[in-house]
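Engineer: Below, each chain spelled out in residue letters.
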Amino acid sequence: MDSKAFIRVDGLVKQYGPHRALDGVSFQVAEGHTLALLGPSGCGKTTMLRCIAGLETPDTGVIEIAGRVVFDAARGINLPSEERQLGIVFQSYAVWPHMSVAENVGFPLRVRRVPKAEQQARVARMLEIVGLGAWAEKSATQLSGGQQQRVALARALIHEPRLVLFDEALSNLDAQLREQMRMELKILQDRLGFTAIYVTHDQSEAFGLAERLVVMNRGRVETEGGPRSVFHRPATPFVARFLGLNVLEGEMLGSEGGQAEIRLPQGMRLRGTLGDGTIPARGSKVLACVRKEHVRFGGFGLPAELRASSFLGLTEEYVLDLGGIELRAVQPPTGGAPGDRVQVAIRPEECVVLPAG
Amino acid sequence: MSAAGIGRGLTPSLAEAPSAPRRFLGLQRALPAAGVIAGLLLITGPLLAMLIRSLLVWEGEAGRLSLANFTRVLAEPRVWEAVGNTAICGAGATLLSCTLGFTLAWLVARTDMPGRRWLELGNLVPFFLSPYVGAISWIYLVAPGSGLLQQFAMRHLGLDLGFINIYSLGGVIWVLTLFYTPYVYLFVMSPLKQMDAALEDAARVHGAGFWYTLRHVSIPLVSPALLSGALVVFITSAGLFDVPLALALPSGIPTMPTEIFAAVQYPADFGRAAAFGMMVLGVTILLTLAQRRYLARRRYEIVTGKGYRPRLLPLGRAGRIVALGLEAVYIGGAVLLPMMALVMVSLSRLWTGSFDISRASLANFTYVLFSFRLTQQAILNSLILAVTGATIGVALAVLQAYYLNRGTPARRGLADAVLSLPLGIPGIILGLGFLILAIRTPLYSTLTIVLIAYVARFFPFATRTVSAMFLAINPELEQSARASGASWAQSMRWVLLPLLKPAVIAAWLMLFVIFIRELGATILLYAQGTETISVALVLLADRSAGYVAALAVVQLVLLLLAFTLFRLTRTTVTQS
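Residue numbers (my numbering), protein chains in the order written: chain A, 96 to 452; chain B, 210 to 785.
Careful, some of the hints might be misleading.
Below, a list of computed lysine to any residue pairs in the SDA-like style, where the Cα atoms sit at most 25 Å apart [said to hold, decoys possible]:
(1) B:Lys710 with A:Glu223
(2) A:Lys99 with B:Ala681
(3) A:Lys211 with A:Glu223
(4) A:Lys99 with A:Gly127
(5) A:Lys233 with B:Ala750
(6) A:Lys233 with B:Leu333
(7) A:Lys380 with A:Leu369
(8) B:Lys710 with B:Leu333
(9) B:Lys710 with A:Asp416
To be clear, the hints were calculated from the coordinates, so they are not data collected in a lab.
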């Protein structure tokens, strides 16, 4: 294991009655880095974050922050939230309605008994940074959603924690504001140098913010890696489906030099790149994963019928019938109408072949 | 591996770390759990004492277990008569207060009745008044032959209303109805107000007329609230001691609460009282469980929060007159007429059944407030009990509500069920339990045992109120305080308690009102020197109408004061 890991999570299990929310989760984050915990709702990502924050108590496992064991089931160590020295931004913002903006932001300094004058100076500086300087004395309930978000962010950063947790922190904002906040967050992080963990179900948010991704499914880590590798080479069928790829079932015919040839149920043949190190046996079930953008029209390819289309602006999304299998494509508008017959081409290097199951 | 090395290297520093975090973690669990355990003991203690006493039969010095108390009670015709009368009173009051409560709520919420903003509040005033004082006032108003109303009718309208006898089951039902109408009113008000207009509009658009829509859409949608209100009214009105004491006992009509009271008067028969009490308790618990089951099965999601506010029905001229007439009858009968009668009697040196303004005097007030030891003591005791009781009750309620809303989910259900048990238990039954529990201890005949009984009987009201507020507070508000570095105690002090403040104030004032007027439990537990205002009213009832009325006015002022504060805090809360 990497001894320089800033956060180390090892073998975390959390059971709620019959439901296992975390099923042996392990990962690490280096100091100053940003990790995104990505997955569909109910995959355990929020539980994971709450365990790190000390808001849930796992059943087994170890959590280490900045070289300090904050949780270890075997040794009975479980530091309460306030001892873990972190900041958190909730999806609901959790801005206290009975306090002013400045009181909200100054709270972490108040509980740390920072002198009044210093509190005021630091709050003022932080409010400038998040662009709420003029709002300090306003009641927190008078703010818009985006402004409350900034209050929550300022509150999470004011005591200069080395770790900041974000629980779906941007998902309540409208698209434009979300984009702007994402940029600002990156700049803030470069400036303040904290380590961050984002929980999100939105892949573009995860790709845009994080240096590393952990994709979770049913309480387990499905895959882990940099945004580019997770995006371009989905490691499992779950990841492929979650990222919105077409996943086609097929049968392995043979492989050569990292490329595989498979047969689709209708007898059509397709060439793709083997996704992981293992080579599936001939005749075994495999899955071919193709991004919608990589299903190209024209040329010599597979015969398909256009079923429906929906205009997206620069591109158009098409639903295609490939001999009974549904295939989705996102391509520049062609002007095709439902019922048209088209040829689709899939490049081997843009199709990842994974063993099924 | 190196990570393991890090872990091992860290152990000593952690061992040296202060044990403070562990202690706070303990407080977070221990304090709410202590509140729940205190509540459970307060409820189960007296009930167990009563159960055991009901099964004990004394033979000389030795007691033995037996069902003899039960068979004896069941064999008495008078008991059956009492149970029958109580059932009639409860059913009558339920039927009438449901009709009246629903109608008034509907008028306020869904029609353009003039002055409905004020009337909405006015309809709630009886909720804060004392049923015992209400019953006494109605004696002044329609005492056989000499009541103020009968005299007025005779003199000005030429009507002979002498046949009306307030000392009857009808009188009991009438006064109970006046006091329990606001319960139903409160139960149905919010579904009526918040019902999505689309539900009714859809019926109208698809061809239903106004009355058809009311009968087949609106009332069925409100019916879960109406029925649970009806059950609450039945259980609590049937168990109420105050009104039968004033109106049924004088003419020798037996009822369940007065029979239990009579059984512990000299010569006391605790076995009989306990057996009777256990049977009442059994019926109460069965009814409460039935209500819970019913509610669990049908809870319509009509409170959507979205959609449009329902449209107001224009009443028209005749409709307005009828609506305002009904309001006049209700607020007049429950609030204005009784208050008027009380004031008249309290200002008369000698009450002869008619008021002479030229001879009005404050002598009764001077005597009650400044000269009479009993009433002075009673006012002081009531204030002590109400202030300390409400404070203890609210403190318990906050801890219990925390446990019920933030604690381990698995253990909440049972705790919730047991903690809400007293909501249906008549005060006189719990009072009997505490009497049996305390009679051989130093607590007997102290103010403390009265205080304990008050808290035990009424803390669930406070717990309900505070718990409802918890539902509106996102746990993340406290969690972000913890993550910001606050200990549990700090997060309580700076975040949760300030947010709970409106509910805490409302619950405190509600308990204050209840304790100022409580009679059913007090009447069994008081002793010389620990009388309360309500007990003093009962003790003085045969001696002087003037003193009773003056003391009742003092109590009324305290209750109205609490009501005013209640409104004031409520409005500031909604404004902020």
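Engineer: Confirm or reject each hint.
Structural biologist: Going through the hints against the structure:
1. For the hint pairing B:Lys710 with A:Glu223, the CA-to-CA distance comes to about 32 Å; that exceeds 25 Å, so the pair is violated.
2. Restraint check for A:Lys99 and B:Ala681: not satisfied, since their Cα atoms lie roughly 43 Å apart, outside the 25 Å limit.
3. Restraint check for A:Lys211 and A:Glu223: the C-alpha separation of about 18 Å stays at or below 25 Å, so the hint holds.
4. Taking the CA atoms of A:Lys99 and A:Gly127, the gap is near 11 Å; set against the 25 Å cutoff, the hint holds.
5. A hinted pair counts as satisfied when its Cα atoms are at most 25 Å apart, and A:Lys233 with B:Ala750 does not qualify at roughly 58 Å.
6. Between the alpha carbons of A:Lys233 and B:Leu333 the distance comes to roughly 36 Å, so the proposed pair goes past 25 Å and is violated.
7. Between A:Lys380 and A:Leu369 the alpha-carbon distance is near 13 Å, which keeps this suggested pair within the 25 Å criterion.
8. Note on B:Lys710 and B:Leu333: the hinted pairing holds, with a Cα-Cα distance of about 22 Å set against a maximum of 25 Å.
9. A threshold of 25 Å between alpha carbons decides the hint, and for B:Lys710 with A:Asp416 the separation of about 62 Å lies outside it, so the pair is violated.
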